[in-house]
Amino acid sequence: MKSTRPVPVAQAAGDHRHAPRTTPRILPLGAVAGAAALALTLAACGSSSSSSPSSGSSSAASGATLTVADVAPFSGVDAALGPTYLATCYGATSAINADGGVLGHKLTCKSVDTRGEPADAVPAVNEMFASTPNLALVIGCTSDEAASVVPVINARKMAMFCMTGQSEFDSVHFPYFYRLVPPDLEESYAMVVIAQQLHYNKVALAFGNDIGSQTFVQPAVASLKKAGMIVTTNQTLDLKATTFRTEAEAIIRSHPQAVMTEALGTADATLFAEIKQLNGGKSIPIIATSAAISPPFFKSAAAAVGASTFASSFHADNLVVESAGPAYGPFKAALLSQQGKVPGTSGNFTTYLSAPGGVHLYDGINLAALAMLMSKSTSPSVYAPDIIKIGNGVPGATVCYSFAQCAAALKSGKSIRYEGPGGPTNFDGFHDSTGIFQIDTYSPSGQVNVIGNITAAQLRAVQP
Amino acid sequence: MSLFLASIGFGLVTASVLAIASVGFTLQFGVTDVLNLAFGAIMILGAFVAYWVNENGLSVWLGLLLAVAACAAASVLLNSVVYTPFQRRGASPITMVIVSLGMTLIIEFGLAALVGGVGVSYTMGNGPTFQAGGLILTGVQIVIMAIAVAAMAGVHVLLRYTKLGKAMRATAANRNLARNCGIRTGRVITATWALTGALCGLAGTVFAIDAGSFSATSTDLFLVLILAAVFLGGPGQPYGAMLGAVIIGLATEVSAVFIPADYKYVIAFVALLVMLGVRPTGLLGERT
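These protein sequence lines are chains A and B, in that order.
Heads up, the final residue of the first sequence is numbered 464 in my numbering, and it's a clean run with no missing numbers.
Heads up, the final residue of the second sequence is numbered 288 in my numbering, and it's a clean run with no missing numbers.
Calculated from the structure, these hints are not laboratory results.
Being a predicted model, the structure only gives us computed values, none of them experimental.
Beta carbons: idealized from backbone N, C-alpha and C, even for Gly.
Hints may be right or wrong, so weigh each one.
Simulated DEER-style distance windows between Cβ atoms [said to hold, decoys possible]:
| # | chain 1 | residue 1 | chain 2 | residue 2 | range |
| --- | --- | --- | --- | --- | --- |
| 1 | A | I230 | B | V81 | 41 to 47 Å |
| 2 | B | I142 | A | T65 | 55 to 61 Å |
| 3 | B | A113 | A | V399 | 42 to 48 Å |
Rough simulated footprint, nothing fancy, chain A against chain B, three-plus residues with beta-carbon under 8 Å [what the hints assert, rightly or not]:
| # | region |
| --- | --- |
| 4 | 5–13 |
| 5 | 83–91 |
| 6 | 120–130 |
| 7 | 200–207 |
| 8 | 220–227 |
Isolated chain A (complex conformation) (with noise of 0.2 Å):
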């Protein structure tokens, strides 16, 4: 038994056990190849089943519930953003619903997992329609999906309100598609005037691999050379590895004054973390985008460094949401209302009433009712072009705050501007209604901060 070399833990008392060990050995290996595929093809597989079609040119059955559909990602790397948005839908329309509903009908959420992936969207999304016969609205669509979703839920007349910064939208006309986000470049150059503002000069980029990640490495870098910074250094992270130490210590040796990140997941966590490690317990000042203000991220980051040391040394550009107001306290109401009750959930509550997608797609969420009510129909096809002019208003309109408000007001007769805590909207030819920025910071709580705000003429001074 005894050897003189390395002893294989397949090799054992005789010599007989070579010849019927060989076949089962390389099985394996095929097996191994075979598991990977299978992997990736299980891994690509979406949720359940389905049942009659559903599309946006007919209406709902009299009385029947209506489903606002959240696609975007609920696993993943970017897990965190379905449950923000799927926490809005509850309050929008759990207000909708306390205010008589919209037609005789209630409103209900449903979550549609994309899991962050183009290939695993598009199914998901086809068995959304399949699936869900009295669908009314989508929301959500991040920049992970909204380049292979966007078609066919337009193809399909279903009206979307869409958390996608990428610029293609900006010039692409498709009928159903509403955005209340501004496109990501200008969230790259909101970023740098936050590095102008707080005198830095020197910045490190570390940006996540995955669509909507790198979609603001370009205009950064554009941007960052406008504005006479220099770019240290530009790592991209991998967001399903688990360590970045080498990054980590190539951002270090760059000395940069800050990072400018987005990487979702546990992949920032894991970089500041690493950082903080390798730079003698020191954090580098980060700046990141508005997708860093959310729960979920406050809560992992705040674990892997510290609340109060995250806390010091971060920074986010967001879209101007409101904080107080007309619009916000039937906001702040509806959202806190469903606490405890939204799936997937998690961190600090409240954290939500500042998550961009979380205000928007609110609004979003109230303009499409208002539209149906508007047009009296729940069809898509029928009710979205009322959304624009709820949306941008017609002289004499009168401005409302609220569902509640608004539909008070058109059901006696009078034409409406709605007004949301995202502020007015004014959309355009495409169906785009970009507001501005501000600056937010967290506190050690997990509280968002508004420090600050971003005017036009700053970003248009960084634009390339």
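Take the given structure of chain A and dock chain B to it, following the hints.
What follows is chain B alone, placed relative to chain A:
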């Protein structure tokens, strides 16, 4: 140059975590004939056991011990409740792979449903930082490397000098012959599941300590690295798995110095493919 040296240090830390997991995986495969792709899922289960202990105010090192015990039990349970019934019905190796893949999804998504999709971290310090030349290592990373060395030494002693280790080797070589020689192969296999499950729990917890932040699906890519290390060294070869882990660990971290970091795993797998092209049985595998 100093970043290169630093990356070697980082690579050794990655290799340490990978070695514990790879040796456990290859031992399990060698003795039980099950290519258990749920190994990564059990690893992260162990990481969360340690997390729950840590969340309750106890040391993560105590959590590590409980994770080792929990994963040993979970692996034995997995084998007795799932794999053995399939094997008794004559399931083919590829069927067992598919079953284990199914178990991966069940465990991971079950865990995700329980803990959510959010990244979590242990509450622990990293200890002092040690620098020598370009190498930079924290106290915790040095402890992880020490744990890996101890685990490898333990496996070596087990296989070479203990009755159980010899019985495991005999069972791996020819189960029928081992049984005919009086070895209770059923018990040996159960003991192997417990032992490799313990290594799995150990690997999962040090993986999570090393990663800093982890979630229910964090070991997805790591499982592929484990497979790479195992097949690079030669399937069923514990010493090969150790060697494979060092090569993969170093290749991933060192390559990130010279190429864009998001390609570092590509380099590791190119090395694996080249190796398998030259020597299909792996570095320490038997030539047939």
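Output the indices of the hints that this structure fails to meet, ascending. 1, 5, 7
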